[in-house]
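Engineer: Here the numbering used here is used: the first residue of the sequence shown is 139, the next is one more, and so on.
Heads up, some of the hints might be wrong.
Unchecked claim - Derived pair list, reagent style SDA-like, types lysine to any residue, alpha-carbon separation capped at 20 Å:
no., residue 1, residue 2
1, Lys214, Leu252
2, Lys525, Asp339
3, Lys181, His233
4, Lys789, Trp743
5, Lys793, Arg867
6, Lys550, Pro613
7, Lys545, Asp579
8, Lys776, Asp754
9, Lys904, Asn872
10, Lys418, Asp339
11, Lys548, Lys569
12, Lys677, Ser717
The set of hints was computed from the structure by calculation and includes no laboratory data.
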Amino acid sequence: MEFSEKWLREWVNPNIDTSSLCNQITQLGLEVEKVTYIPNVCKNLIVGEITEILKHYFDIQLLLIKVKIGKNKYIKVISRHANFSKNIKVIIATHASTLFNYDFFKLVQSKNILHDGIICFCEDIGFISSNDDIIVLSSNSIIGNNACEYLSLDDNIIKISSTPNRSDALSILGIARDIAAWNDLPTPCFKKYPNIVRIPDKLKISIDIPDICLRFFGRIIKNINTQRDTPFWIREKLVRSSLKSSNIIIDIVHYILIELGQPLYIIDLDCVLKKIIVRKSYKNEIFINSNNEKISIDSDVIVISDEEKVLVLGGHINSFISAVNLTSCNLFLGIGSYDSSNIFERSFKYGCKNIFTERYERGIDFGEQEKALEYATYLITQLCNGKSGKVEQTIKSSEIFCRKDIKLHKRKLNSVSGFFISDALVVFNLKKLGFKITSFDKYWKVISPSWRFDIIIEEEIIGELFRILGYQNIPSFPMETYCNVVRENEVYSSLNRAKLFLVDQGYHEIITYGFVDPYLQKLLFPDIVPLYISNPISKEISAMRVSLLIGLCSTVLYNQNRQENRFRLFESGLCFVKSSQEKLGVKQILCLSGILSGKKNELHWDMSKKKIDFFDLKGDVESIMDLFGQSEFLEFKKCNIPGLYSGQSVKIYLKNKMIGIIGVISLDLQKKLNLKNEIVIFEIIWDRIPFSYGSNIKYFSRYPRSFRDISIIVDETISVGDIIAECKRFFLKNILDIFLFDIFRSHEIGIGKKSLSFRFVLENEKQTFTEIEISQILKTCIVKLELKFNAVLRNK
139 MEFSEKWLRE WVNPNIDTSS LCNQITQLGL EVEKVTYIPN VCKNLIVGEI TEILKHYFDI
199 QLLLIKVKIG KNKYIKVISR HANFSKNIKV IIATHASTLF NYDFFKLVQS KNILHDGIIC
259 FCEDIGFISS NDDIIVLSSN SIIGNNACEY LSLDDNIIKI SSTPNRSDAL SILGIARDIA
319 AWNDLPTPCF KKYPNIVRIP DKLKISIDIP DICLRFFGRI IKNINTQRDT PFWIREKLVR
379 SSLKSSNIII DIVHYILIEL GQPLYIIDLD CVLKKIIVRK SYKNEIFINS NNEKISIDSD
439 VIVISDEEKV LVLGGHINSF ISAVNLTSCN LFLGIGSYDS SNIFERSFKY GCKNIFTERY
499 ERGIDFGEQE KALEYATYLI TQLCNGKSGK VEQTIKSSEI FCRKDIKLHK RKLNSVSGFF
559 ISDALVVFNL KKLGFKITSF DKYWKVISPS WRFDIIIEEE IIGELFRILG YQNIPSFPME
619 TYCNVVRENE VYSSLNRAKL FLVDQGYHEI ITYGFVDPYL QKLLFPDIVP LYISNPISKE
679 ISAMRVSLLI GLCSTVLYNQ NRQENRFRLF ESGLCFVKSS QEKLGVKQIL CLSGILSGKK
739 NELHWDMSKK KIDFFDLKGD VESIMDLFGQ SEFLEFKKCN IPGLYSGQSV KIYLKNKMIG
799 IIGVISLDLQ KKLNLKNEIV IFEIIWDRIP FSYGSNIKYF SRYPRSFRDI SIIVDETISV
859 GDIIAECKRF FLKNILDIFL FDIFRSHEIG IGKKSLSFRF VLENEKQTFT EIEISQILKT
919 CIVKLELKFN AVLRNK
């Protein structure tokens, strides 16, 4: 928003310079973006009143005019040809005056006409105008005074930006209120302009959208002269607010918008049929734009119409026939209250976004609307000789206009501020901002002014108080707080982390019932006695589940019957088993289970079509345990598990405690379950995992690592994990890692034998390993493996 500094000082005029004023505006939360200085080069200009036109020089289009410049003091001045009337006040330049442009003065002197001065037009004093008009001063200008004071020739244009909640800052009055409060000056009050009702005419107003338009009122003004020139003081203020002057009626509406922040409707009365209707448009309704073109508009666009046609589209776009122009004599002046801030959004595509809708988006001060209507009526009747009728209003809802009480607790205020603020200071500063405040023992009851409808909670009142106190005046203390840190359940937080990991790996989480089919459960777990429900809904869900694998297999079967062939599923939840040690004879176990089937990768030209196998799932389980630093204590031991292949099923041990299983469902069980492809499953009893609550800091060696490979031949029945554990047992500090990188089977190395190739990663925290030390470690490992596993070092 841009405005003249002198316009602002007409409302509030603190005894400070421009720089200090701008600094205050910024401290109040309204950032000053730019200040443009308008220099004054004119001097010794006088306010004069035209009393008589003495002579008309038709050949050169000049007038000789008698002007009063003081008590019983008259002079004769020359003017360009214009529509003069008696008793208007103009600017007089005498021979002692300094002007911006002397062209007209030189022209008059060249005609040898006796005169005491000239009447100044815009070009003489350096004002930019679309048409070089005479400058008419307001009626309250004092004859004989220095005209430069009325012209605001020495002025600054201030450009500010405000936060979205500060709709009041989009007006001169709103900014003036803040400046007055900051400088302890009286709050600027809007002057009332009572208008005498001179005509009985009135226009009925109908609101068809009461949920959006809450109130609308307006009046008829007749016999106006729209061909009158806009007074200089209005036109110049609009120019300094980056608004181009149009006809006098539109200029008055823009003037009130900038000064008060109130958007007004102006409609040519002669085109209105019977009544004004506020409604939503119909589908494909016709609107005639300013270029006299017919456009089809959508439904649900806010419009103002009569009984036949749309008069105003969106916020403030008049149709070609309803717009007030130089031939208009009668008009309807109105103003509306709307509940929603985005009511005109649907009309933006028709070019309806303008300075009026910008105010509606931020919100309108409902409390000042009627005063704004009276002010506009006063200006139109005074400047255009119109006659006004009675105000007609329609109110659909009055609740929004009622300001609610907000409790400001003294304890809360002191807690947020961090220091004590006296009751008197709180009351004094809030009253300066227009708040109504009532004191009680523990709190204040506060009612915000109508222009601060954005304030609805206690914290916002505290923010306003800090703003007017000045943030720079708030003492700075180090923050001191006391927090009760509640340790979350490590079992469930770690489970959530594991589930997120599985999702990242491409798994999909499923949720199934705790009730399962006892027949299906018996197939998977023939050795476990099920828990039956005494009053089941159906036979198919009559037992409590002892494992999550039952629901996972059922889900795979369901999707398999619908042409799905690739599955990566998991589920977490409680399982139920009989236990004589529990109070009710039932023990709840928290489990995490998963199932894999189909291709390892999605169909892709650069990826293999390898099927998922046991080791894919085993790697995912190891990765889950590695998330919690448990992988080094993990062991996989072969065992025979009912329903799983004996050669591809293991139990998972963590610190010698069995925590779960991994395996491939046997072919016989696949047929019984009607499963087509190979299925790999895992289940972890999450309750059995010992989670640690601390972090161990480990020293990182600065010395380089060494890598050595060995290959040994052992029996097929010997586990790789046992070999790695045996090697680490004696050289735990020096062997950083051991991993298998090759397995070889051949009749050359013997039937029932396998060749395993390991890579040793060696590291010393204190020094670099020598070749002799590395050889000694490897020799010792080989000897241990020969003694325990009958391992033979493979030479080639």
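Engineer: It remains to establish, for every hint, whether it holds in the given structure.
Structural biologist: How the hints compare with the structure:
1. Lys214 - Leu252: The hint holds at about 8 Å.
2. Lys525 - Asp339: This hinted pair holds, its Cα atoms lying about 10 Å apart.
3. Lys181 - His233: 11 Å, holds
4. Lys789 - Trp743: 37 Å, violated
5. Lys793 - Arg867: Given that 20 Å is the threshold and the Cα spacing comes to 14 Å, the pair holds.
6. Lys550 - Pro613: 17 Å, holds
7. Lys545 - Asp579: 12 Å, holds
8. Lys776 - Asp754: 17 Å, holds
9. Lys904 - Asn872: 11 Å, holds
10. Lys418 - Asp339: 27 Å, violated
11. Lys548 - Lys569: 17 Å, holds
12. Lys677 - Ser717: This hinted pair is violated, its Cα atoms lying about 24 Å apart.
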